[in-house]
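Take the given structure of chain A and dock chain B to it, following the hints.
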Amino acid sequence: MSILVGKETRVLCQGITGQAGEFHTRGCLEYGTQVAAGCTPGKGGQEVAGVPVFDTVSEAVKQTGVNATMIFVPAPFTADAILEALDAGIEVIVAITEGVPVLDMVRVYEKVRQSNAVLIGPNCPGVITPEECKIGIMPGYIHRKGSVGVISRSGTLTYEAVWQLSNLGLGQSTCVGLGGDPIVGTSFVDLLKMFQQDTETEAILMMGEIGGTAEEEAAALVAEQIEKPVAAFIAGRTAPPGKRMGHAGAIISGGKGTAEEKVSALEAAGIVVAESPADMGAAVKRAMEQA
Amino acid sequence: MKIHEFQAKELLRAAGVAVLENQVCPSAPAAASAFEALGGEVAAVKAQIHAGGRGKGTLKEHPEQHGVQLVRSAEEAADVADRLLGCHLVTMQTGKAGQEVRQVLVEAGCAIARELYLGIVVDRSLASPVLMVSSAGGMEIEKVAAETPELIFKEAFDRDAGLDAYQARKLAAALELPATSMRSAVQFMQRLCRLFVEQDCSLVEINPLVVTEDGQLVALDAKMSFDDNALFRHKDLQELRDLAEEEPTEVQAGDAGLSFVKLDGNIGCLVNGAGLAMSTMDLIKLHGGEPANFLDVGGGANVKQVTEAFRILLSDHNVRAVLVNIFGGIMRCTTIASALLEAYESVGFNVPLVVRLEGTEVTEGRKILEESGVDIITANDLTDAAKKVVAAAE
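Line by line, the protein sequences are chains A and B.
Per my numbering, the very first residue in the first sequence carries number 1; after that it's consecutive.
Per my numbering, the very first residue in the second sequence carries number 1; after that it's consecutive.
No lab work stands behind these hints, which were simulated from the structure alone.
Among these hints, one or two may not hold up.
[Said to hold, decoys possible] DSSO-like, lysine-lysine: derived pairs with alpha carbons at most 27 Å apart:
id, chain 1, residue 1, chain 2, residue 2
1, A, Lys7, A, Lys62
2, A, Lys243, B, Lys60
3, B, Lys367, A, Lys256
4, B, Lys154, A, Lys111
5, B, Lys56, A, Lys111
6, B, Lys60, A, Lys285
7, B, Lys285, A, Lys256
8, B, Lys60, B, Lys154
9, B, Lys235, A, Lys243
10, B, Lys304, A, Lys243
11, B, Lys387, B, Lys367
12, B, Lys262, B, Lys304
13, B, Lys223, A, Lys145
14, A, Lys145, A, Lys193
15, B, Lys367, A, Lys243
16, B, Lys154, A, Lys256
17, A, Lys243, B, Lys285
18, B, Lys285, A, Lys228
19, A, Lys256, B, Lys304
20, B, Lys387, A, Lys256
21, B, Lys96, A, Lys62
22, B, Lys235, A, Lys256
23, A, Lys145, B, Lys262
[Claimed, not checked] DEER-style ranges, computed between Cβ atoms:
id, chain 1, residue 1, chain 2, residue 2, range
24, A, Asn116, B, Arg183, 52 to 62 Å
25, A, Pro240, B, Thr378, 27 to 37 Å
26, A, Asp55, B, Asp164, 35 to 45 Å
The beta carbon of each residue, even a glycine, is placed where N, CA and C say it ideally should be.
Just chain A, same shape as in the assembly (with noise of 0.2 Å):
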């Protein structure tokens, strides 16, 4: 199994046509995803990267049975995009492209939420299920196929992550960059119930950082619902506070969303928490030793 996306997944890049788009399409398709379908409004009927391109989702949809789909059309855009790859049905959608308004992300969220449809992102490096299918910009040869269900809020962090667990010979059944931004579609809890359902997951791996209380709510479910061994890092113990640490996200406020919270809430639930960002790897290995 492994969890939102397999080798099963067809998948719609929206905004094929921009650079990164193009980048990045031919990134997955040498990974082996099976990109079918490219949109760009006004650009339907080119190829890019030998892959078709159409005006409008629905019409890729119908056409080539796309079902999930990877945004990397502009910020002022991306809330347009998401939309409209909800309307067309598309199941996954994953929004790469950061920088999107906050009060565009409250619109975008509520119609999320009344779909079915699973949004990952905005501002992330997307969602691996490896040696199946890559969606997004993280690099596929660091991943091995596996048991260690990884989730993060950032990109370069969960590269390390994954580098240091397939180094120590843990595999992953699926990676998914949460993203950096206040308002993202999907939260640890949203994916941590869903690694507990995988029957391929064995063990989850979870990266957190200031800001926010999603790391608390986490801590929260794993205490009542989560069976399967979890390790965790926060990032941003040194952060000062009302700095805003790159991610729009990732700032501590009216002196909430330190790391202290967080680290004690994950320890209290009898998550092991790694202590250095050295450290993740062997702390899955300790969580799984533990259990």
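Relative to the frame of chain A, chain B by itself:
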């Protein structure tokens, strides 16, 4: 993006939200004539800096002087303005150096019956804008939330429909406002919520929100900040930015497409990706060092950006060593290695440089660094890198 109180109040006034008469003044004589023009017996002279806590804050040059003062004559207004202008106001949000006061706001007084708190933010868990009010006006809301959370009342509101009138009445009732204030309260709250959405705010805070003796709600203070990602659709707001209030190196980094935050330590770091950049700071601290900054060069950094990044790092005279931590994903280690060497040459390094490369084309990348003959300390993994840079900085 943050703006000044006087700018926020102009936006409030334009939106039909009650504020007092005021004038922003760049000099002492201007403050005196502003007092005359307002025509009242009393006025407030308020230092205009972005940081909060101005009323309790004091001047670095005159520790007995606060950032907000009441005055009763034009002469007094000029005196206070004279002392504030050009001095540095130190508040709990400015750090020890304080922030230079370049303008003061002279504002009419009013007869205050009660002081309340009002704030609007986007609640991340609810994924919705939320209006919160509290009867504990003038206090830091964080403190109220921690000590007396029962004094805070919240209503989430629809982005497009705005705050419904019944929601405003509910909050007014919770604040125990009299029936005579109901109309003013509903109008005040609804208009403010609409303004929040229309201007893509990330924060609107009215603290204190006062109820006057005749029962009207008035914004005595106003703090607004905006979603940087939405500024592209607010050209008028972009003009309100005050670069003098921002850390110069952070502005310089922003212009180069780098994400940079200055800190107090002595180990500079250059990293790709925000999560890894934060983790690198943590790692330095874990091994006994102090990071001098957060710096994310992004996923596709080029020679120009890396050069600019080094320039910014080395312009901080506290920096004793620099750690470069790159996990090459889409960006190849060979690209970053070449960029590092070019930047190293052109910037002129005077402190030890520790480089840790991992990921795509790492072997070739390390080889480029080794064969260059440039004095770079290479590290094999994260822990090795942290230990080496902490040792180098000592």
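Right, here's what the structure says about each hint:
Note on A:Lys7 and A:Lys62: the hinted pairing holds, with a Cα-Cα distance of about 20 Å set against a maximum of 27 Å. With a C-alpha separation of about 23 Å, the suggested pair A:Lys243 and B:Lys60 falls inside the 27 Å cut-off, and the hint holds. The hinted pair formed by B:Lys367 and A:Lys256 fails the criterion: a straight-line CA distance of about 45 Å is larger than 27 Å. As the CA atoms of B:Lys154 and A:Lys111 are separated by approximately 23 Å, the hinted pair is consistent with the 27 Å bound.
This hinted pair does not check out: B:Lys56 and A:Lys111 have alpha carbons roughly 45 Å apart, beyond 27 Å. A distance of roughly 53 Å separates the Cα atoms of B:Lys60 and A:Lys285; the hinted pair therefore is violated under the 27 Å criterion. The hinted pair formed by B:Lys285 and A:Lys256 meets the criterion: a straight-line CA distance of about 21 Å does not exceed 27 Å. Our distance criterion of 27 Å between C-alpha atoms is broken by B:Lys60 and B:Lys154, whose separation comes to about 38 Å.
Distance check on the hinted pair: B:Lys235 and A:Lys243 sit about 24 Å apart at the alpha-carbon level, within 27 Å; holds. Taken as a hint, the B:Lys304 and A:Lys243 pair is honoured in the structure, with Cα atoms around 26 Å apart against an allowance of 27 Å. For the suggested pair B:Lys387 and B:Lys367, the alpha carbons sit about 22 Å apart, so the restraint of at most 27 Å is met. A C-alpha spacing of about 20 Å is found between B:Lys262 and B:Lys304, which places the hinted pair at or below 27 Å, so the restraint holds.
Of the pairs offered as hints, the one joining B:Lys223 and A:Lys145 is violated, with about 51 Å between alpha carbons and a cut-off of 27 Å exceeded. Restraint check for A:Lys145 and A:Lys193: the C-alpha separation of about 21 Å stays at or below 27 Å, so the hint holds. Taking the CA atoms of B:Lys367 and A:Lys243, the gap is near 37 Å; set against the 27 Å cutoff, the hint is violated. Between B:Lys154 and A:Lys256, the direct Cα distance comes to roughly 17 Å. Compliance with the 27 Å bound is thereby established for this hinted pair.
A C-alpha spacing of about 18 Å is found between A:Lys243 and B:Lys285, which places the hinted pair at or below 27 Å, so the restraint holds. About 32 Å separates the Cα atoms of B:Lys285 and A:Lys228, which puts this hinted pair outside 27 Å; it is violated. About 37 Å separates the Cα atoms of A:Lys256 and B:Lys304, which puts this hinted pair outside 27 Å; it is violated. The suggested pairing of B:Lys387 with A:Lys256 is violated, with an alpha-carbon distance near 31 Å, which exceeds 27 Å.
Annotation: proposed proximity of B:Lys96 to A:Lys62 is violated, straight-line Cα distance about 63 Å (limit 27 Å). At most 27 Å may separate the alpha-carbon atoms for a hinted pair to count; B:Lys235 and A:Lys256 exceed this at roughly 32 Å. A threshold of 27 Å between alpha carbons decides the hint, and for A:Lys145 with B:Lys262 the separation of about 40 Å lies outside it, so the pair is violated. Between A:Asn116 and B:Arg183 the beta carbon distance is about 44 Å. The supplied range of 52 to 62 Å is therefore violated.
Between A:Pro240 and B:Thr378 the beta carbon distance is about 30 Å. The supplied range of 27 to 37 Å therefore holds. At about 40 Å, the CB distance of A:Asp55 to B:Asp164 agrees with the hint of 35 to 45 Å.
In this structure, the earlier hints numbered 3, 5, 6, 8, 13, 15, 18, 19, 20, 21, 22, 23 and 24 are contradicted, and the remaining ones agree with it.
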